Amino acid sequence: METLIQSLVSGLLTGSLYAMIGVGLTVIFGVMRIINMAHGDMVMLGMYGAFWAFTLWKVDPFLSIVLWIPAAFLGGVLVYRFLLKKIVPAGELTTLLYTAGLSLFVANLALLVWTGDYRTIKLDYAVMPLRPLGIAVPIPLAIAFGMAILITIALYWFLVKTPTGRAIRATSQEPEAAALMGVDVDRMAVITFGLGTALACGAGVLLAPSLYLYPTVGEILVVKCFVIVVLGGLGSVPGAIAGGVLLGVVESLGAVYVSVPYKDAIGFVIFLLVLLFRPSGLFGVGKS
Amino acid sequence: MKRLLLAVALILLLAAPWIVTAPFFVHLMIMVLLWTVLGASWNLLGGFAGQVSFGHATFLGAGAYTMMILYLKLGVAPWYGIILGGVVAALIAMPIGYMCFRLRGPYFALSTLAVAEIIRLIALNWESFTAGPVGLLITTLPKVTFWGKALNWESKTPFFYIAVVIVLSALFATAVIARSRLGAYLLAIREDIDSAEAIGINTVQVRVAALSLSAFFAGMAGGFYAMYLRYIDPDAVFSIALSVEMVFIAVVGGLTTVAGPLIGAVFLVTLGETFREHFLVGHLIFYGFFMMLAIRFMPEGIWGKVRLWTGAAPHRDKS
Numbered sequence: 001m002e003t004l005i006q007s008l009v010s011g012l013l014t015g016s017l018y019a020m021i022g023v024g025l026t027v028i029f030g031v032m033r034i035i036n037m038a039h040g041d042m043v044m045l046g047m048y049g050a051f052w053a054f055t056l057w058k059v060d061p062f063l064s065i066v067l068w069i070p071a072a073f074l075g076g077v078l079v080y081r082f083l084l085k086k087i088v089p090a091g092e093l094t095t096l097l098y099t100a101g102l103s104l105f106v107a108n109l110a111l112l113v114w115t116g117d118y119r120t121i122k123l124d125y126a127v128m129p130l131r132p133l134g135i136a137v138p139i140p141l142a143i144a145f146g147m148a149i150l151i152t153i154a155l156y157w158f159l160v161k162t163p164t165g166r167a168i169r170a171t172s173q174e175p176e177a178a179a180l181m182g183v184d185v186d187r188m189a190v191i192t193f194g195l196g197t198a199l200a201c202g203a204g205v206l207l208a209p210s211l212y213l214y215p216t217v218g219e220i221l222v223v224k225c226f227v228i229v230v231l232g233g234l235g236s237v238p239g240a241i242a243g244g245v246l247l248g249v250v251e252s253l254g255a256v257y258v259s260v261p262y263k264d265a266i267g268f269v270i271f272l273l274v275l276l277f278r279p280s281g282l283f284g285v286g287k288s
Numbered sequence: 001m002k003r004l005l006l007a008v009a010l011i012l013l014l015a016a017p018w019i020v021t022a023p024f025f026v027h028l029m030i031m032v033l034l035w036t037v038l039g040a041s042w043n044l045l046g047g048f049a050g051q052v053s054f055g056h057a058t059f060l061g062a063g064a065y066t067m068m069i070l071y072l073k074l075g076v077a078p079w080y081g082i083i084l085g086g087v088v089a090a091l092i093a094m095p096i097g098y099m100c101f102r103l104r105g106p107y108f109a110l111s112t113l114a115v116a117e118i119i120r121l122i123a124l125n126w127e128s129f130t131a132g133p134v135g136l137l138i139t140t141l142p143k144v145t146f147w148g149k150a151l152n153w154e155s156k157t158p159f160f161y162i163a164v165v166i167v168l169s170a171l172f173a174t175a176v177i178a179r180s181r182l183g184a185y186l187l188a189i190r191e192d193i194d195s196a197e198a199i200g201i202n203t204v205q206v207r208v209a210a211l212s213l214s215a216f217f218a219g220m221a222g223g224f225y226a227m228y229l230r231y232i233d234p235d236a237v238f239s240i241a242l243s244v245e246m247v248f249i250a251v252v253g254g255l256t257t258v259a260g261p262l263i264g265a266v267f268l269v270t271l272g273e274t275f276r277e278h279f280l281v282g283h284l285i286f287y288g289f290f291m292m293l294a295i296r297f298m299p300e301g302i303w304g305k306v307r308l309w310t311g312a313a314p315h316r317d318k319s
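Protein chains in written order, with our numbering: chain D, 1 to 288; chain A, 1 to 319.
Derived by calculation from the structure, the hints in this document are not laboratory data.
The structure displayed is predicted, hence computed values, not measured ones.
Be aware that one or more of the hints could be misleading.
[Said to hold, decoys possible] Taking CB as the label site, the calculated pair distances span: (1) D:Ala90 with A:Trp309: 18 to 24 angstroms; (2) D:Val256 with A:Leu10: 58 to 64 angstroms; (3) D:Leu67 with A:Lys73: 52 to 58 angstroms; (4) A:Ser169 with D:Gly91: 48 to 54 angstroms; (5) D:Trp52 with A:Glu273: 28 to 34 angstroms; (6) D:Leu56 with A:Pro23: 39 to 45 angstroms; (7) A:Phe24 with D:Gly91: 38 to 44 angstroms; (8) D:Val260 with A:Leu72: 24 to 30 angstroms; (9) A:Phe172 with D:Arg166: 56 to 62 angstroms; (10) A:Glu273 with D:Ile220: 24 to 30 angstroms; (11) A:Glu273 with D:Gly116: 16 to 22 angstroms; (12) A:Val204 with D:Val137: 47 to 53 angstroms; (13) A:Phe24 with D:Thr162: 29 to 35 angstroms; (14) D:Ile220 with A:Ala9: 39 to 45 angstroms.
Don't be surprised by glycine CBs; every beta carbon is placed ideally from N, CA and C.
In isolation and in its complexed conformation, chain D is listed as follows:
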């Protein structure tokens, strides 16, 4: 019983961060139909951002997010404006290949600059885990969980309540109709790409104290990200949140009850089954 609760809790903690990365990918897909293969590398850049802020300037990783989220937003806007904008009209497959190129470029640039060494962030206050009710909760993961929830709620509020958010959702549902209603579709695309990048990068910053950092970490993250987004239905924000939490819990339960080596495979098997039998996602809200 205790192992069950323990693995549920760790699954939920990791799942919240998966959800945050997944939401970033899914809003980008929804508005621009870009399947962004470089999304995992944005997470990687966020992790390194936190690492360098901590090592060079002694800034707490969770504080440095205040700097990196706006920086990532700006970076995303520039990447979209100067690299992706001309490619998007060529179709989903072309952008898929293009962002795969971008991903390899960014990851290998990071390898050259920062080498392939594994790095960690050691926080003084995070040596011992918290033990509420006898369940071990690592402190950095708990803080990351809290902040991921806050950021995801903020984003959700932005999408549902603000005029810009409404325009983004309209573009995601039906770009042509949105354009006819006076929505500046191009501007929404730029903003959305910036937002998606900021979410990925922010999740990277939050994850940095809990994971090993290395330049090609994005490769595995982006594949997980696809699993999450397809589980919840491509283009659906609530779906991505549910998918992220679900993947976190499934991985963590799988590691305990199925087998540690195959825990990553469980996610992929579910992914294939969903793609084949429920292409609009488990909750039937996505676009196929």
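Go by the hints and put chain A onto chain D.
Using the frame of chain D, we list chain A on its own:
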């Protein structure tokens, strides 16, 4: 004229190990040839049929492990192992194809990625069969006499000629398919899969056939790779990065052309391996960079562009 050029190119290729003898250059040429096969393999499916696979490392790995396991456990000679590696890869491709070709476009691409990762995890964990992360190692290759002289496996030259044979067969197969009925079906599927279906092409079967053929060559390349390096482990032959490299070589060289993968491999592998001589990591940075450049400014690839300039290929309307 064209035949004369081909003949000259072939003679130059066969004489190459005697013209440049430095081991690094022979190694470089072998790597170029290996990646040509892989690019050509990917081109059969990704170029002609327009089906983007991000999981071709599966077939490379299947071929590599088939050759290794047959040689180490049953003593089957590596050259038979290479061919059988291709056969096994083609067989594995069939169920994968029947499953994944229910999906289209980017969804197919994502499903191949997932299948490849599942197979990598199986290879990593099925230790009694694949030795898991420890990998498999060949200590000695069998003795062979060729014209009364024992082949020296420590030199790279024999490997060069094996690679030449595989490359020529892959390029020849591409040329034949390009002119065949199957090739026409594949192009029809690439251009408009619904219309292809409507005129009576069994699009699933045709795509599975293309995938199997493609897997056959990737599997042979895998068998050769294992024989040449004499050591494999799951992360070396089943990694996502390998699948992606194949895609890039085919796209940068020129999709749907016979020589495109060769040009792509000469260009990218030479850049990459030379870079690797000086810096140990990060040589794939060129792959990413030229991939983006190619898609943005030269979607027909280097060889496709050359064919446009020389008038060998008609200009296509952008529609």
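Item to check | Hint numbers contradicted by this structure | outcome: Checked against the structure, the hints that fail are numbers 4, 13, while the rest are satisfied.
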